[in-house]
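Student: For any residue, its number in the numbering used here is found by taking its place in the sequence shown, counting from 1, and adding 165.
Wrong hints could be hidden among the right ones.
What the hints assert, rightly or not - Cβ pair distances, simulated, as ranges: (1) A229 - G289: 19 to 25 Å; (2) E175 - L259: 47 to 53 Å; (3) E221 - T328: 17 to 23 Å; (4) R392 - D220: 32 to 38 Å; (5) A261 - P200: 46 to 52 Å; (6) P234 - R210: 20 to 26 Å; (7) R201 - S395: 38 to 44 Å; (8) R335 - R174: 17 to 23 Å; (9) D204 - Q327: 41 to 47 Å; (10) R385 - G249: 33 to 39 Å; (11) A261 - G176: 44 to 50 Å; (12) R280 - D260: 25 to 31 Å; (13) K254 - P213: 36 to 42 Å.
What the hints contain is simulated information worked out from the structure, not anything from laboratory work. Think of the CB as a built atom: it goes at the ideal place given N, C-alpha and C, for glycine as much as any other residue.
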Amino acid sequence: MTLSMLGLREGYRALVVGASGGIGQAFVQALRADPRCSDVQAVRRGDPIDWDLGDEASLTALAAQVQGPLHLVVDATGALTIDGQGPEKRLQELDAQRLLRSLQVNAVGPALLLRHLSPLLARGERVIWAKLSARVGSIEDNHKGGWYGYRAAKAALNQLLQTAAIEISRQRPLAVVAALQPGTVRSALSRPFVGDDALAPEVAVQGLLQALDAAPATRRAVFLDYRGQSIPW
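Construct the entire structure; sequences and hints are all you get.
Tutor: Now the structure itself:
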């Protein structure tokens, strides 16, 4: 199934950061199949330069390699298992360094990407900044507990996106800033934690692109799942 982003201008230009992951790869493939998209820049670890979410200087250098203007940016970076350690299930498992690493990879680094890449968004027309988040980042929707660092990092990410959306809208009132919940997807990130009923990345991405295409420019960030449903912050 080929999906076209009808809400973006004909010949829109896209960027996918984190294109080596399962979901990132699926975004690249779907966007390159869209006849309305004229260019998809796929950024992977070490390509086009050696960049790291924990090194802001490398993110500055990365932004200098990206060609604008951009109409759609997908940030598919993130990690659930960090330094060989999965999410904490109990308070007794909390470790300061692991918490800080999760915040760096899942919140601070993506916020710095937004800082350095958002000036490349086109002006005067609809543009979309889409960041993979997670339902577990919803404070209101937390009914099971556990996964302390990942939950906290995604909640912090969501606040950063919401705050940035307000600022971005002042110069780009047609911009959409979105936190995305892709569902339970078969990927390297989630492989140790999902069953056989997990979604194929291609299915999740088709749903996410449809949700993004329908999202209104409200000058506030939106938090959407792959079915297009809003998630409470």
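Student: It remains to establish, for every hint, whether it holds in the given structure.
Tutor: Right, here's what the structure says about each hint:
Range check, A229 to G289: Cβ separation about 24 Å, and the 19 to 25 Å hint holds. Look at E175 against L259: about 50 Å separates their beta carbons, and that is inside 47 to 53 Å. Range check, E221 to T328: Cβ separation about 18 Å, and the 17 to 23 Å hint holds. Checked against the hint of 32 to 38 Å, the pair R392 and D220 passes, with Cβ atoms roughly 36 Å apart.
Hint check: A261 to P200, Cβ distance near 50 Å, so the stated range 46 to 52 Å holds. Between P234 and R210 the beta carbon distance is about 25 Å. The supplied range of 20 to 26 Å therefore holds. Remark: the range hint 38 to 44 Å for R201 to S395 is contradicted by a beta-carbon distance near 26 Å. Restraint check, R335 to R174: a C-beta distance of roughly 21 Å satisfies the suggested window 17 to 23 Å.
Roughly 29 Å separates the CB atoms of D204 and Q327, a value that falls outside the hinted 41 to 47 Å. The beta-carbon spacing between R385 and G249, approximately 38 Å, falls within the hinted interval of 33 to 39 Å. Range check, A261 to G176: about 48 Å between beta-carbon atoms, so the 44 to 50 Å window is met. R280 and D260 have their C-beta atoms about 28 Å apart, which keeps the hinted 25 to 31 Å range intact.
The beta-carbon spacing between K254 and P213, approximately 39 Å, falls within the hinted interval of 36 to 42 Å.
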